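Visitor: Okay, here's what each chain looks like letter by letter:
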Amino acid sequence: MKPRYQNRIELLQGTLDLLILQTLRWGAQHGYGIALAIRTNSGDILQVDTGSLYPALHRLERQKLIAAEWKVSENNQRVRVYRLSAAGKKKLASERSRWAQISQAIAGILGPAGAGSEV
Amino acid sequence: MKFPWGDSEKRKNELNEEIASHLLMAAQDREARGESPAQARAAAQRELGNAGVIQDVTHDQWAWTWLEDLLQDLRYGARTLRKSPGFTAVAILTLALGIGVNTALFSVVNAVLLNPLPYPQANQLVGLWWDRSPGQHSSITYLNFLDWQKQSTAFSSVGAYQQDNMIVTGAGEPERVDGARISANLFDLLGAKPLLGRSFRPEEDQLGAGPVALISDGLWSRKFGSSPDVLGKSITVDGRSYSIVGVVPEKSPIYTTADVFTPLGQYNEEPFRDRRASLGTVGIGRRKPGVTLAQARADMDSVARNLAAEYPDANKGTGIFVNPLKDDITGDIAPTLFMLLGAVGFVLLIACANVANLLLARSAARAREFAVRVALGATRRRIMRQLLTESILLAGIGGALGLLFAAWATKAALAMIPEALPRTDEIGLDGRVLFFTLAISIFVGIAFGVVPALKTSRPDLHKSLKEGGRGSSGTRLRTQNIFVAVEMALAVVLLAGAELMVRSLVGLANVNPGFDPQHVMEFGVSPSAERIRTPAHIRETYREITARFEAIPGVAAASPLVGALPLTGDSLVGFWITGQPKPSSVKEMTRAQWYAVAPDYLKAMRIPLQRGRFLTAQDRETAPFVVVVDDGFARSTFPSENPIGKRINIAILDVEGAEIVGVVAHVKHAGLGATGILDQRGQIYFALAQLPDRVLPLVGRACTFVVRAAGTPQAVSESLRAASQQFDSKQVLYEFQPMSKVVSDSIAAQRFTMILLGVFAVLALVLSAVGIFGVISYVTGQRTQEIGIRMALGAQRGDVLRLVLGHGMRVALLGVAIGLAAALGLTRLMASQLYGVSAKDPLTFAGVAALLTLVALAACYIPARRAMRVYPIVALRYE
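Chains A and B are the protein sequences, given in the same order.
Note that our numbering has the first sequence beginning at 1, numbered continuously upward.
Note that our numbering has the second sequence beginning at 120, numbered continuously upward.
To be clear, the hints were calculated from the coordinates, so they are not data collected in a lab.
Here the structure is a predicted model, which means the values were calculated and not measured.
Misleading hints may appear alongside valid ones.
Stated by the list, open to error - Reference excerpt, derived from the structure (chain B facing chain A, CB under 7 angstroms, subset only): (1) Glu137; (2) Ser140; (3) His141; (4) Leu167; (5) Gly168; (6) Ile173; (7) Thr177; (8) Gln180; (9) Leu933; (10) Ile937.
Said to hold, decoys possible - To list a few chain A residues with every Cβ distance to chain B over 10 angstroms, as calculated: (11) Thr15; (12) Thr23; (13) Glu95; (14) Arg98; (15) Gln101.
Unchecked claim - Simulated DEER-style distance windows between Cβ atoms: (16) A/Gln63 x B/Gly900: 50 to 58 angstroms; (17) A/Gln63 x B/Tyr195: 27 to 35 angstroms; (18) A/Gln63 x B/Asp544: 54 to 62 angstroms; (19) A/Gln63 x B/Leu189: 20 to 28 angstroms; (20) A/Asn76 x B/Leu557: 21 to 29 angstroms; (21) B/Val569 x A/Asn76: 54 to 62 angstroms; (22) B/Asp148 x A/Gln63: 25 to 33 angstroms; (23) A/Asn76 x B/Arg501: 42 to 50 angstroms; (24) B/Arg198 x A/Asn41: 44 to 52 angstroms; (25) B/Phe562 x A/Asn76: 54 to 62 angstroms.
Cβ atoms here follow ideal geometry from the backbone N, Cα and C, with glycine treated the same way.
Taking the hints into account, I'd like the entire structure generated from these sequences.
Guide: Have a look at this one:
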């Protein structure tokens, strides 16, 4: 499993992981809610593909970065709700600083012309 | 850890629900924004994508996939096997047989050879023997034993026991039991605890101490109803009253047959305290922790040197043999068992080859199935795993059945051949046996599965799909041929081994033992204690018993026999020619097998008299001491002289100038197959009545009788008992055995080997016949079309027959040739078990080769005949 994090696709997955963790920082949320939040917070730029979201959620759950439980929503519907675990919070902090480094590095390479499309 | 599969089912359902709720929420949002319900649902669905794929991918995050794959493979494998019940049944039965016989034999090897003796720290225990002549260890003498106890330093304790017949009187009928005299420390030394009471105290293990006894739990329940207040009660053994101080468990490889134990140190017969006489006393030592076997041996060597210096008459030149106790008990049988384990391993290999061939044949039919799977993206590894899972599943089921078979077969086999093996009551299916079965099942599953799996998992996609799985693959056929040839080779080795054993046994059965065992009954007689009080009593009693037995109609001759019965052990006495200087020690004396008998012994055993006369009724205690010797004794002691009238001195009996009055034929005392020095030992007959007073009490308590009956020996047993009863109701007759059984028991070990090897060889023969039949049938089936064309072009039935048989014969002959070469190398290992036949006996090898070729021919004939009946038109249309 581990070595695969080196390649490009996993980097994108890693990005999605980061976004999920970040979203859950504001409170517990179900999958649909997370997707909605990411889309809204990115100004509709980032559409989270459901086919990536749920595998990511379950992977994070297995890594014990987030925890899940069944709850009843305000619409009286059974939903599976995720929340950040202690390990997840730590992970989020380290991923954020890593992301900052990477985006800074990329921005440096692309030069001032590329500025503006920061996520 | 949780069981991933149970969990997985639940998780799948939850995932389903989770995605459904996602969809619902997305649709609700869209509706809220003003879309119609139908529109909203469709759009949400579109946005979501393929729910099934999402579920699968998400589920994979839980990464127990290898286990699930395994379960899936198992389910799939089980389904495939169910679909071809014929194949499955044949394969499983073959494997069950192979694994079963291996498990059965391993359970024997495990119990007899691998498991430690059932005592604490059993590896510290050693047997101690008197090393009097090279390669021959005799029992020890009591005075030497006492010195060993004092002088040895390597042992935490040294004990001894001596088994003997004992007569228990008092409650109920007088009963003969197996008894043992033991040193006080024996049970502590072994680490065996009395069930009740205590074992002997050192002060009770002395001359003149109060008579105390231990009894077995068997006797305890028989005579005392297992009553706990047995302690302190008395039991009359050999006419003497003993106070019971303890009850000991019966099951033990050392004293397993004894019912009564008395202190060895109280045994007060003069010869017992003669340092030269070994009377069946066996030593057992427990090494101190940390003392190696070599150190123990060095220690006893120095003890032996001291004793040789101190008592040269008895001990000069003799040593002490220190042997691990387990080897003492199981020593002889180990090479045989390992050989049999090898043989049974061959059977398993043959079974494997058969099943591998079945799988190969099947893989041809399944080529299309796998080609499709490969085309759909399955990797080669995945397919190999699938195939191996199937074969291990087969082997697992076979192994489970085999275990049942083994449990049954072991019981059946042991009931059939009990005399040949020690420790049989310890044989069973323990953890190690179960592990063995599991291990060989998995090994076997991989062994027979891997070649077919390699072959199958590399399908030629294009060809397989096009030909619909009917393409005949050249390499597959070659592999099948090789498997069959190997099977044949293994079968040759087993058959050759079995045939050599059969020939040996036939040879042994035809050996003239030197006496005629037919119509002879052998049994023990223990006169009542009052009748053997003095040597004079003993002589009179045995004369009277013999006379009463001979008076029975139907009894042709009867004689007591003191000394070992032929084929059942040794009773040796040293001697030297009168007038020559006395050898300085027992070791330097020539020793001979001795028999103290009545005049009719010769008639009872039908041993031919060669010169002079046999002992007569006139050779009484008052007459001059005379002896009769066998021709071997005569030839080796007086090579070029007439032995009649010559005189010898006899060591232990302290008889001087005993005159040789006759020469009789040699008896194969040391065993039907005995050769060399064992068989050349001289034999010497004394008149029982002339045994010195000093010795008589020792032998008078119980002795063997041989009786020749006019009809069947069984028929006179009742009359013998009646005559005995009439003479003295307290006299006990026991252990009736036809002499012919004594003879056949003496080759029980060889018979054990022969029967097992024979069974394995027959199994091998049948399995390899099935193997060659299967392959030739399969190949012939594949070639139906070709045969049709040949016949259409004018080939005769004879040509077809030759074609099919030729193929079978090539394979069979190759196998037979390899097998003969292997057998020549391997049968050498059993040379020590053979009698009258060389391990390279050409007749045996030729016979086995011919037999196997014939069987192969017969096995090929059935498919060949089917091929001859092929109708060209049908065969061609079939395609």
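Visitor: If a hint holds in the structure, say so; if it does not, say that too.
Guide: A quick look at each hint next to the structure:
This hint holds: B/Glu137 has a C-beta 5 angstroms from the nearest C-beta of chain A, less than the 7 angstroms allowed. For B/Ser140, the suggested interface contact is upheld, since its CB lies about 5 angstroms from the closest CB of chain A, less than 7 angstroms. Below 7 angstroms, beta-carbon pairs count as interface contacts, and B/His141 has one with chain A at about 5 angstroms; its hint therefore holds. Given the 7 angstroms rule on beta carbons, the hint for B/Leu167 holds: about 5 angstroms separates it from the nearest Cβ of chain A.
The beta carbon of B/Gly168 comes within 5 angstroms of a beta carbon in chain A, closer than 7 angstroms, and the hint placing it at the interface holds. Here the hint on B/Ile173 is kept, as its CB sits about 5 angstroms from the closest CB of chain A, short of 7 angstroms. Given hint, B/Thr177 at the interface with chain A, holds; its Cβ is 4 angstroms from that chain's nearest Cβ, closer than 7 angstroms. Because the beta carbon of B/Gln180 sits about 4 angstroms from the nearest beta carbon in chain A, less than 7 angstroms, this interface hint is met.
A least Cβ separation of about 50 angstroms between B/Leu933 and chain A goes past the 7 angstroms threshold, and the interface hint is therefore violated. The closest approach between the C-beta of B/Ile937 and any C-beta of chain A is roughly 49 angstroms, which is over the 7 angstroms cut-off, so the hint fails. No beta-carbon of chain B comes within 10 angstroms of the beta-carbon of A/Thr15; the shortest separation is about 17 angstroms. The claim that A/Thr23 lies off the interface holds: its Cβ sits roughly 15 angstroms from the closest Cβ of chain B, which is beyond the 10 angstroms cut-off.
With a least beta-carbon separation of about 18 angstroms from chain B, A/Glu95 lies farther than 10 angstroms from that chain, consistent with its non-interface assignment. The non-interface label for A/Arg98 is consistent with chain B: the shortest C-beta to C-beta separation is roughly 22 angstroms, beyond 10 angstroms. Distance to chain B confirms A/Gln101 as a non-interface residue, since its nearest Cβ pair spans about 27 angstroms, more than 10 angstroms. Between A/Gln63 and B/Gly900 the C-beta distance comes to about 56 angstroms, which sits within the given range of 50 to 58 angstroms.
Between A/Gln63 and B/Tyr195 the CB atoms are about 31 angstroms apart, so this pair conforms to the stated range of 27 to 35 angstroms. Taking the beta carbon of each, A/Gln63 and B/Asp544 are about 58 angstroms apart, inside 54 to 62 angstroms as hinted. Between A/Gln63 and B/Leu189 the beta carbons are some 24 angstroms apart, a value that agrees with the proposed interval 20 to 28 angstroms. A beta carbon spacing of about 54 angstroms between A/Asn76 and B/Leu557 contradicts the range 21 to 29 angstroms that was offered as a hint.
As the Cβ distance of B/Val569 to A/Asn76 is approximately 59 angstroms, the hint placing it in 54 to 62 angstroms holds. As the Cβ distance of B/Asp148 to A/Gln63 is approximately 30 angstroms, the hint placing it in 25 to 33 angstroms holds. A C-beta distance of roughly 45 angstroms is found between A/Asn76 and B/Arg501, which places it inside the suggested range of 42 to 50 angstroms. Taken as a hint, the range 44 to 52 angstroms holds for the pair B/Arg198 and A/Asn41, whose Cβ atoms sit roughly 50 angstroms apart.
In this structure the supplied range 54 to 62 angstroms holds for B/Phe562 paired with A/Asn76, their Cβ-Cβ distance being about 60 angstroms.
In this structure, the earlier hints numbered 9, 10, 20 are contradicted, and the remaining ones agree with it.
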